[in-house]
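Asker: Sequence:
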Amino acid sequence: MALPNTNIPNESKDSSAPVKEFFNKFFTDPINFPSNQVDAVVGFFESRGFDKVASRSTATVLLQQAKLDGVNVFELVDTLKGVESAKLSFMVTEILNHNRSKISTLGYKITNPNESTEKRNIVV
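Position 32 (the sequence shown) corresponds to 17 in my numbering; numbering is contiguous.
Hints are supplied without guarantee of correctness; some may be wrong.
As the list claims (entries may be wrong) - Dumping the calculated BS3-like pairs for lysine-lysine here, alpha-carbon to alpha-carbon at most 25 Å:
| no. | residue 1 | residue 2 |
| --- | --- | --- |
| 1 | 66 | 87 |
| 2 | 52 | 5 |
| 3 | 66 | 37 |
| 4 | 37 | 52 |
| 5 | 72 | 37 |
| 6 | 37 | 5 |
| 7 | 52 | 66 |
Quick caveat, the hints were computed from the structure, so don't treat them as lab data.
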């Protein structure tokens, strides 16, 4: 059976396919880093007590920022080695907040190390 002579293509193609493809890939630029850099940064955060997933996400942000700023990531990790864990958590929180959507932020609680023993309820 022969098809009638029309200008309609035989394939039924979704006209919005190029638009969908564009926006599906809009926020997914490929990111490539050498494996030794990724392993070093992830290993650094894991050795400092970070969870595996947290280490990976933090390492990704640091690697991206180091690439944007033109900084050697190994020098960056070397500068973080001497930082105590509380200050490191503060720094990582600030870096992550800077690199995420502005509608939500990460927070932290700073406890007062000078808890006064004089705090008590006084009943009058």
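Asker: Next step is simple, just say for each hint if it's right about the structure.
Answerer: Hint check:
1. 66 with 87: violated, 29 Å
2. 52 with 5: violated, 30 Å
3. 66 with 37: The given pair, whose Cα atoms are some 18 Å apart, holds under the 25 Å limit.
4. 37 with 52: The given pair, whose Cα atoms are some 22 Å apart, holds under the 25 Å limit.
5. 72 with 37: holds, 20 Å
6. 37 with 5: Measuring from Cα to Cα gives roughly 33 Å; hence the hint is violated.
7. 52 with 66: Holds. Residue 52 to residue 66 sits at ~20 Å (cutoff 25 Å).
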